[in-house]
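Student: Read off the chains here:
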Amino acid sequence: MSSPSTTDVVVTGLGATTPLGGDVATTWEALLAGRSGVSRITDDWVKEFPAQLVARLATDPAEQIDRVRARRLDRSQQVAVIAAEQAWAESGAADSGVDPVRIAVVFGTGIGGALTLLGQDDVLEAKGPKRVSPFTIPMLMPNGPAAAVGLAVGARGGVHAPVSACASGAEAIRWGLDLLRLDRADIVLVGGAEACVHPLPMAGFAAMRAMSTRNDEPERASRPFDKARDGFVLGEGAAALVLERADSAAARGARVHAKVAGAAGTADGYDLVAPHPEGEGAGRAITAALRDAGLSPADIGHVNAHATSTPVGDTAEAAAIRSSLGEQVLVSATKSQTGHLLGAAGALESVFTILALREQVVPATANLDDPDDDAAVQALDIVRHEPRRTTLTAAVNDSFGFGGHNIALVFTTA
Amino acid sequence: MSTQEIQSGLAEILEEVAGVAPADATPEKSFTDDLDVDSLSMVEIATAVEDKFGVAIPDDQLANIKTVGDAISFIEKNQG
Numbered sequence: 001m002s003s004p005s006t007t008d009v010v011v012t013g014l015g016a017t018t019p020l021g022g023d024v025a026t027t028w029e030a031l032l033a034g035r036s037g038v039s040r041i042t043d044d045w046v047k048e049f050p051a052q053l054v055a056r057l058a059t060d061p062a063e064q065i066d067r068v069r070a071r072r073l074d075r076s077q078q079v080a081v082i083a084a085e086q087a088w089a090e091s092g093a094a095d096s097g098v099d100p101v102r103i104a105v106v107f108g109t110g111i112g113g114a115l116t117l118l119g120q121d122d123v124l125e126a127k128g129p130k131r132v133s134p135f136t137i138p139m140l141m142p143n144g145p146a147a148a149v150g151l152a153v154g155a156r157g158g159v160h161a162p163v164s165a166c167a168s169g170a171e172a173i174r175w176g177l178d179l180l181r182l183d184r185a186d187i188v189l190v191g192g193a194e195a196c197v198h199p200l201p202m203a204g205f206a207a208m209r210a211m212s213t214r215n216d217e218p219e220r221a222s223r224p225f226d227k228a229r230d231g232f233v234l235g236e237g238a239a240a241l242v243l244e245r246a247d248s249a250a251a252r253g254a255r256v257h258a259k260v261a262g263a264a265g266t267a268d269g270y271d272l273v274a275p276h277p278e279g280e281g282a283g284r285a286i287t288a289a290l291r292d293a294g295l296s297p298a299d300i301g302h303v304n305a306h307a308t309s310t311p312v313g314d315t316a317e318a319a320a321i322r323s324s325l326g327e328q329v330l331v332s333a334t335k336s337q338t339g340h341l342l343g344a345a346g347a348l349e350s351v352f353t354i355l356a357l358r359e360q361v362v363p364a365t366a367n368l369d370d371p372d373d374d375a376a377v378q379a380l381d382i383v384r385h386e387p388r389r390t391t392l393t394a395a396v397n398d399s400f401g402f403g404g405h406n407i408a409l410v411f412t413t414a
Numbered sequence: 001m002s003t004q005e006i007q008s009g010l011a012e013i014l015e016e017v018a019g020v021a022p023a024d025a026t027p028e029k030s031f032t033d034d035l036d037v038d039s040l041s042m043v044e045i046a047t048a049v050e051d052k053f054g055v056a057i058p059d060d061q062l063a064n065i066k067t068v069g070d071a072i073s074f075i076e077k078n079q080g
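Protein sequence lines, in the order shown, are assigned to chains W and G.
So the first sequence is numbered by my numbering: it starts at 1 and just counts up by one.
So the second sequence is numbered by my numbering: it starts at 1 and just counts up by one.
Hints are supplied without guarantee of correctness; some may be wrong.
As the list claims (entries may be wrong) - Simulated pairs of lysine-lysine, PhoX-like, Cα-Cα distance not exceeding 25 Å: (1) G/Lys66 with G/Lys52; (2) W/Lys127 with G/Lys29; (3) G/Lys52 with G/Lys29; (4) G/Lys29 with G/Lys77; (5) W/Lys127 with G/Lys52; (6) W/Lys130 with G/Lys66; (7) G/Lys29 with G/Lys66; (8) G/Lys77 with G/Lys66; (9) G/Lys52 with W/Lys130; (10) G/Lys52 with G/Lys77.
Because the hints were derived from the structure by calculation, they are not lab data.
Modelling step: build the complete structure from the supplied sequences, incorporating the hints.
Tutor: Below, the structure written as structure tokens:
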């Protein structure tokens, strides 16, 4: 193996708190075991809602974060800090001797501190302005998760918060890669966080007809690429990755999970929320990310698809994958078990992509009983029912967000 | 309300809002230097003081309250 170049970027730490587990190991184990994080909401408010399903965190943040600290952090910030501190601890970056002014954070969210915004609006309506918490703004601002993570690890080299709806988590990884390649930082902690399970976002997504209404079968509701799919299931959680240049990681003896080989972003320029039907922008992002990584479609063994289980989104993505990578690639849609973590999705699915490379196993797509008749869906090799053991050297994670944002990331084995 | 009752009531607030151990909430302690209470938490403490003791602390007065003892004195002087 050749010696690492100064611009090779590697992943030295992973963290997550998800509907499948309170950390990466339990989440991954549950994913491979085919468990679902989806359940039906039982609160009274949900009775009139068409879509009543949610993928709640498996571990309450209160079990993982100090009470006084938690009360100053929106739930989206709490999960961000939990995932980030896991990744940070695993990487050993705290003992790396890196100057804090060379440590950066890039942490995205799709919605931000919605629970704080809506909760404090209730306080305002009920009790008046003097009762609104002085922490309202720092808890609701969309850079809140990034800022909380930056404080948690003492990052002083810049804290950034990409906001591109459901592509935010993947976009954070792309920005982190750029920061390291441009020598703006020596270590970058990246990720995404989301926690907006509340009647208003639920009603808004339901009004778009974007959510599954398979209320009687929670674990069967998220079914990407399946003929009977009828929308996504809202999830909550966070995932984080520690990125650094390969040479400095090697010098300090850090464990390397995988390499971040390439990244790219495009915009559809087509519609505010509907994907381009042929996945033009998405396919272009994948192709550009491959070029950035210096790889060809034949090198890519696996794609962790964005596949949210919406009728139009999944077929557009299938077309994009087929046109950019061909039909040999093994496709997984892990939202079938985690639900859709919005701004955390790209980060979590990148963690899954990295673990697939590291463990040489491709997770299954749950609930894919009857693949859609769409030509691209039929042509692709979508792993279902059971995880598939295989030999992988490179894999792609793609993420798309309302607004026409498309991000593709290429990871390779360490 | 006695000084002692005010001190213990204030200690409860400090524990709830800022995680200060009740034994540490003694009159000579500075909120910022000793107890690590930041400016936003001071605003929360003022709201909680109003709820518990019925004593509103105007913003210009809040800035002058530096220690636990300052807060106790303010509440003592202004309670109805």
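Student: Among all the numbered hints in the text so far, which are the ones the structure does not match?
Tutor: Per hint list: single violation, 2.
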